[in-house]
Amino acid sequence: MSIFVFAESSDNQYKKSSFEAVSYAAEVAGKTGTTVTAVSIGKADNAAQLGEYGANTVISINGPAFDSFNSEIYAAAFAEVCKQGNASVAVISNTYCGKAMAGRVAVALNASLASNVVDYPDTSNGFLVKRGVFSGKAFAYVNLTSQVKVLALTPNSVEIKKNGSAAVVTSQSVAAVSSTCTVTGTNKITGKIPLTEAEVVVSAGRGMKGPENWNMVEELAEALGAATACSKPVSDMHWRPHSEHVGQTGITIKPNLYIAIGISGAIQHLAGVSSSKVIVVINKDAEAPFFKAADYGIVGDAFEVLPKLIQAAKSATAS
Amino acid sequence: MKILVCMSVVPDTTTKITFTDNNTRFNTAGVQYIMNPYDELALTKALDIAEPAGGTATIIHVGPADSEPAIRKALSMGATDAVRINAEPLDAQFVAAQIADWAKDKAFDMILTGRESIDYNGGVVCPLIGAMLNIPSIQVITKLEVNAGTATIERDIDGGREIMTCTMPFAASAQKDLCEPRIPNMRGIMAARTKPLAVVEPVSVKTGVEYQSFELPQPKQGVRMISADAPEELIHLLRNEAKVI
Numbered sequence: 001m002s003i004f005v006f007a008e009s010s011d012n013q014y015k016k017s018s019f020e021a022v023s024y025a026a027e028v029a030g031k032t033g034t035t036v037t038a039v040s041i042g043k044a045d046n047a048a049q050l051g052e053y054g055a056n057t058v059i060s061i062n063g064p065a066f067d068s069f070n071s072e073i074y075a076a077a078f079a080e081v082c083k084q085g086n087a088s089v090a091v092i093s094n095t096y097c098g099k100a101m102a103g104r105v106a107v108a109l110n111a112s113l114a115s116n117v118v119d120y121p122d123t124s125n126g127f128l129v130k131r132g133v134f135s136g137k138a139f140a141y142v143n144l145t146s147q148v149k150v151l152a153l154t155p156n157s158v159e160i161k162k163n164g165s166a167a168v169v170t171s172q173s174v175a176a177v178s179s180t181c182t183v184t185g186t187n188k189i190t191g192k193i194p195l196t197e198a199e200v201v202v203s204a205g206r207g208m209k210g211p212e213n214w215n216m217v218e219e220l221a222e223a224l225g226a227a228t229a230c231s232k233p234v235s236d237m238h239w240r241p242h243s244e245h246v247g248q249t250g251i252t253i254k255p256n257l258y259i260a261i262g263i264s265g266a267i268q269h270l271a272g273v274s275s276s277k278v279i280v281v282i283n284k285d286a287e288a289p290f291f292k293a294a295d296y297g298i299v300g301d302a303f304e305v306l307p308k309l310i311q312a313a314k315s316a317t318a319s
Numbered sequence: 001m002k003i004l005v006c007m008s009v010v011p012d013t014t015t016k017i018t019f020t021d022n023n024t025r026f027n028t029a030g031v032q033y034i035m036n037p038y039d040e041l042a043l044t045k046a047l048d049i050a051e052p053a054g055g056t057a058t059i060i061h062v063g064p065a066d067s068e069p070a071i072r073k074a075l076s077m078g079a080t081d082a083v084r085i086n087a088e089p090l091d092a093q094f095v096a097a098q099i100a101d102w103a104k105d106k107a108f109d110m111i112l113t114g115r116e117s118i119d120y121n122g123g124v125v126c127p128l129i130g131a132m133l134n135i136p137s138i139q140v141i142t143k144l145e146v147n148a149g150t151a152t153i154e155r156d157i158d159g160g161r162e163i164m165t166c167t168m169p170f171a172a173s174a175q176k177d178l179c180e181p182r183i184p185n186m187r188g189i190m191a192a193r194t195k196p197l198a199v200v201e202p203v204s205v206k207t208g209v210e211y212q213s214f215e216l217p218q219p220k221q222g223v224r225m226i227s228a229d230a231p232e233e234l235i236h237l238l239r240n241e242a243k244v245i
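Chains as they are written, first to last, in our numbering: chain A, 1 to 319; chain B, 1 to 245.
These are calculated hints, taken from the structure and not from any lab test.
Hints may be right or wrong, so weigh each one.
In silico lysine-lysine, DSS-like type, Cα no more than 25 Å apart, as pairs [stated by the list, open to error]:
#1 Lys192(A) / Lys292(A)
#2 Lys314(A) / Lys292(A)
#3 Lys243(B) / Lys161(A)
#4 Lys16(B) / Lys292(A)
#5 Lys2(B) / Lys106(B)
#6 Lys277(A) / Lys106(B)
#7 Lys284(A) / Lys143(B)
#8 Lys2(B) / Lys188(A)
#9 Lys220(B) / Lys16(B)
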């Protein structure tokens, strides 16, 4: 019995969500008296650092077939080392790539699968995990009964704990399965923080009146080191790309801070953001339903409040 | 061109979520059920590909008879026929196993799903089916074109998009941007009444996931209002009280 965790990387760098996943695995291993093996697939700098987050050993799998992400190839390789190491729990980040792998890993390991996991398991009687359901409107407790469990951990759900030391990295050669899919190109949004992983999100709605006014939203986001998001009407009107739409039929996010500007707070929007730790609402309508779900609120015109807020954010973060 | 589109039936997006029986069951009282919005995109794309090629787009759904109005909606959008596996959709692995078992000997060129269902949000049925049938599974696609048996696909990755080619068969899950969902017209609605809807009994599948209870998020403690003239106060509170920036 042991815990295996997939450390996802992008542009040779491990994602923050990978450090969370390793920290999570270490916590579960501590509770159940077992060890953590982190598995790094493809090119990534400094695999040894995964030890600092609690991995006892690190397995690195490399080769031309692993240079770009392919869920078939990655899942088969990860499942292979899980099998060899007799893994009882496999932890993967609940990112697009992670979820794409998790399903295939679960089939390969004949395991119980839970995605959207938001907390540590309760292992006192079985293996009970808490997962988000109804697009953030509720949580479910599910008992995983198979011998092997695959968990996809939602980013920003647990704290990163850095209390280990660099681990020994073992390169393992794993034969890549053949795939009829070939990645021919990537279009990365550079210099921006991915929305699903952002700790701070600045989001705006129809109250911004038009796409031309988004420079203020972006400026505030930049000052706070935040990702930008928007409401459904805004993406429906093509003011902003669909990938920024948070809400029931968009993305569900879980940042530490969510700032909503000119968004009234329809139930579908709240669904996507209600797991945020702190919510700030700025709206000129004091009756906007969003204020009921907020921690801090400002009743005011976005066009008057935002410039002052940007100024304050800039001087605060500069100090 | 033979396409299978997997469809789930979910509470309408405006539904207020509550639970009954000591928080062990979703309270279905007064809930309006709809075709999962992402599955509408999957079906629309399937039709856009199948129709010009003289192909078929079959709907498959795992669920009880209550789901039939939503299945008829899919048929009115243009699906060729439909299959309902007569079982409660217990969890993603159960649903995927039912679909994979039914589809395994039917030589579909592609199997499309929505990115996730908006109720349980698992987002894993597509890779589960892919793995069970040993075909590629491509998640959250935003573009799909087929040319001489090869598909060109774009999909969302965290912080960008990836472009890939894939030969058929494969499974893929539909994300926004893939297309605009079709709206059934009167002819479609009339035709849907007589389209075949087969009911198939489920195969026995061992599930390793048991839903035990549900919980609603903690309500907020109440909002603290800040004057619009002093937004710097907000920054100060976020820094020193909430400690989030």
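Taking the hints in turn, this is what the structure says about them:
The straight-line distance between the Cα atoms of Lys192(A) and Lys292(A) is roughly 31 Å, outside the 25 Å bound, and the hint therefore fails. Distance check on the hinted pair: Lys314(A) and Lys292(A) sit about 28 Å apart at the alpha-carbon level, beyond 25 Å; violated. With a CA separation close to 18 Å, the supplied pair Lys243(B) and Lys161(A) stays within the 25 Å bound. Among the hinted pairs, Lys16(B) with Lys292(A) is consistent with the structure: their alpha-carbon atoms are about 15 Å apart, no more than 25 Å.
For the proposed pair Lys2(B) and Lys106(B), the alpha carbon gap of about 9 Å is at most 25 Å, so the pair holds. For the hint pairing Lys277(A) with Lys106(B), the CA-to-CA distance comes to about 48 Å; that exceeds 25 Å, so the pair is violated. For a cut-off of 25 Å, the pair hint linking Lys284(A) to Lys143(B) is broken: about 38 Å separates their Cα positions. Of the supplied pair hints, the one linking Lys2(B) and Lys188(A) is violated, its CA atoms being roughly 33 Å apart against a limit of 25 Å.
A hinted pair counts as satisfied when its Cα atoms are at most 25 Å apart, and Lys220(B) with Lys16(B) qualifies at roughly 17 Å.
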